[in-house]
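Undergrad: Each chain, written out:
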Amino acid sequence: MNSDRPVFLNLVQFHFPIAAVMSVGHRAAGVLMVLTIPFTVYLLDLSLMGPEGYEKARVTLQLGLVKLALLLALWALMHHLLAGIRFLLIDFDIGVGKAAGRRSAILVMVLAPFLALGVGALL
Amino acid sequence: MSRQATGLRAWVLQRISAIYLGIYFIYIIGHFVFDPPDSYQAWSGWLADPFVAVAMLLFFAAVLIHAWVGVRDVLIDYVHPIMARVTLLTLTGLSLIGSGLWVMRTIYLAGATVR
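Chains A and B, in that order, give the protein sequences.
Numbered by this note's numbering, the letters in the first sequence go through residues 1344 to 1466 in order.
Numbered by this note's numbering, the letters in the second sequence go through residues 250 to 364 in order.
Quick caveat, the hints were computed from the structure, so don't treat them as lab data.
Virtual Cβ for every residue (Gly too), placed ideally from N, Cα, C.
Do not take every clue at face value.
Which bits of chain A does chain B cover? Going by a derived footprint, with three or more residues having C-beta under 8 Å, they are [what the hints assert, rightly or not]: (1) 1368-1381; (2) 1386-1395; (3) 1422-1435; (4) 1456-1466.
With the C-beta cut set under 7 Å, the calculated list includes, among others, these residues of chain B facing chain A [stated by the list, open to error]: (5) Ala267; (6) Phe281; (7) Ser293; (8) Thr355.
Label-pair ranges, simulated between beta-carbon atoms [stated by the list, open to error]: (9) Ala361(B) to Arg1446(A): 50 to 60 Å; (10) Thr1403(A) to Ile278(B): 17 to 27 Å; (11) Ala361(B) to Leu1454(A): 33 to 43 Å; (12) Gly1440(A) to Thr339(B): 39 to 49 Å; (13) Ala1363(A) to Trp295(B): 36 to 46 Å; (14) Ile268(B) to Leu1460(A): 22 to 32 Å; (15) Ala1363(A) to Ala304(B): 29 to 39 Å; (16) Ala361(B) to Phe1457(A): 39 to 49 Å; (17) Leu1354(A) to Pro285(B): 47 to 57 Å; (18) Arg258(B) to Leu1454(A): 24 to 34 Å; (19) Gly1407(A) to Leu307(B): 28 to 38 Å; (20) Leu307(B) to Val1350(A): 50 to 60 Å; (21) Pro1394(A) to Arg258(B): 39 to 49 Å.
So that you can see chain B by itself, here it is in the shape it has in the complex (with noise of 0.2 Å):
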């Protein structure tokens, strides 16, 4: 996608996550409902399964993608004046970094201690 349609790559972005977010939440959902775990020992064994791992971080990764096209088309369309659009971008940006290496150090760890 070329330079020129910088607002086509986020449409698809916004779609392409939109899609594992909501089959991941589907599935999410019905573990919970139909399995949900009872103690810390099924908690954390389950999070310890490479595939439940990397399916969380990919959730993650798409969650934050997702938030940052949503959040910055809602940031354009309301908050005009530019000093104030520019530091809630920032703020934005900053916070979901932050929360994507907080969640990729959890997880790992979760399935450092198990091992």
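In isolation and in its complexed conformation, chain A is listed as follows (with noise of 0.2 Å):
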């Protein structure tokens, strides 16, 4: 018998690898938009009514909060797009390995909010 057992494990000292940080963004972030898909059914079919609807979907995505929203949001699909060629490069045996794997989640998790505030600003 193994007399080493039990192990005690200190959860408090636990540190996830970075690109598991990423992974858990990556479905959180997919979450996230799946939420969104009803608002963003809404929101067509309002700016497509007429000239009124699309004046209403207009100022509503103007509002101070929809905005941040949209922040969010576009956050969650730079993360998405990002962490999901990142897989599929792997898929096909492209930067697969530790210290390949640690680099491009550390580039996910920073490319994607500058993508976000970038394309915010200029939408």
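Assembly of the complex is requested from the two constituent chains, each provided in isolation within its own frame, with the hints serving as guidance.
TA: Shown next as structure tokens:
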């Protein structure tokens, strides 16, 4: 019998690798975007109902709280898109391995907020 | 793809829809940055173009497939009580199908009004 058991795991000292954090972010961003689908469809419908509907949709998109939500959704999109490209490249055996995976995960985490802010400023 | 490989079917669908979504998002963000519609006429006129309308319908089809596979994975991983899982999966499926039907109606009517 192995006398080293039971093993004490200090959960406070656990650190998740950056790739794991990025991967959880990919899932969270995906779920967040799924929740925006009904609102997106509603706004699309409103904007196409006629000139008044278009105006209503335009005004709605200018509201402070909505703009903040849009920025969050843009971050979710950019993070999900970049992480998705990373996963696809790994499917094709590009960037496999601990060091490469770590570097690309950091790149995704850093680039996504910048892209979100950049696109948000242009829109 | 055979019945024994249901996971493979979802895996392939997730990747094909992902590629279309990625390309479409780059196209739509580019359109709104470089040539944003400035009036209802410009906006509805753009969407009355059959290529624009069909590309958007395909986009929503890809979104619904991608969202279904993704949410199903998340629910299977984190929601273990079977009744809660089935309920959430059912609600997800119904709201995705409902959103899809609503979008089809919206885009169809947008094309029909301009005509």
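Undergrad: Does each hint fit the structure? Answer for all of them.
TA: Tested hints:
By the rule of at least three residues with a Cβ nearer than 8 Å to a Cβ of chain B, the coverage given for the stretch 1368-1381 of chain A holds, with 7 such residues. Only residues whose beta carbon comes within less than 8 Å of a beta carbon in chain B count, and the stretch 1386-1395 of chain A has 6; three or more means the coverage holds. Given as covered by chain B, the stretch 1422-1435 of chain A passes the check, having 5 residues with a CB less than 8 Å from a CB of that chain where 3 are the minimum. Coverage of a stretch by a chain is defined here by at least three residues with a beta carbon nearer than 8 Å to that chain's beta carbons; for the stretch 1456-1466 of chain A and chain B the count is 3, and the condition holds.
Evaluation of the alanine 267(B) hint against chain A yields a held restraint, the C-beta minimum of about 5 Å falling below 7 Å. A hinted interface residue such as phenylalanine 281(B) counts as satisfied when its beta carbon comes closer than 7 Å to some beta carbon of chain A; here the least separation is about 6 Å, so the hint holds. With a cut of 7 Å, the hint placing serine 293(B) at the interface with chain A holds, because the nearest CB-to-CB distance is about 6 Å. This hint holds: threonine 355(B) has a C-beta 4 Å from the nearest C-beta of chain A, less than the 7 Å allowed.
The hinted range of 50 to 60 Å is satisfied by alanine 361(B) and arginine 1446(A), whose Cβ atoms lie roughly 51 Å apart. As the Cβ distance of threonine 1403(A) to isoleucine 278(B) is approximately 20 Å, the hint placing it in 17 to 27 Å holds. In this structure the supplied range 33 to 43 Å holds for alanine 361(B) paired with leucine 1454(A), their Cβ-Cβ distance being about 42 Å. Taking the beta carbon of each, glycine 1440(A) and threonine 339(B) are about 41 Å apart, inside 39 to 49 Å as hinted.
For the pair alanine 1363(A) and tryptophan 295(B), the supplied restraint of 36 to 46 Å holds, since their beta-carbon distance comes to about 42 Å. Distance hint for isoleucine 268(B) and leucine 1460(A): a CB-CB separation of about 26 Å, consistent with the stated range 22 to 32 Å. Against the hinted window of 29 to 39 Å, the Cβ-Cβ separation of alanine 1363(A) and alanine 304(B) comes to about 36 Å, which satisfies the hint. Separation of alanine 361(B) from phenylalanine 1457(A) is about 42 Å and conforms to the stated range, judged on CB atoms against 39 to 49 Å.
For the pair leucine 1354(A) and proline 285(B), the beta carbons lie near 50 Å from each other, so the given range of 47 to 57 Å is met. Taking the beta carbon of each, arginine 258(B) and leucine 1454(A) are about 32 Å apart, inside 24 to 34 Å as hinted. Taking 28 to 38 Å as the suggested C-beta distance range, the pair glycine 1407(A) and leucine 307(B) conforms, at roughly 34 Å. Evaluation of the 50 to 60 Å hint for leucine 307(B) and valine 1350(A) yields a pass: the beta carbon distance comes to about 52 Å.
Separation of proline 1394(A) from arginine 258(B) is about 45 Å and conforms to the stated range, judged on CB atoms against 39 to 49 Å.
The earlier numbered hints are all upheld by this structure, with none contradicted.
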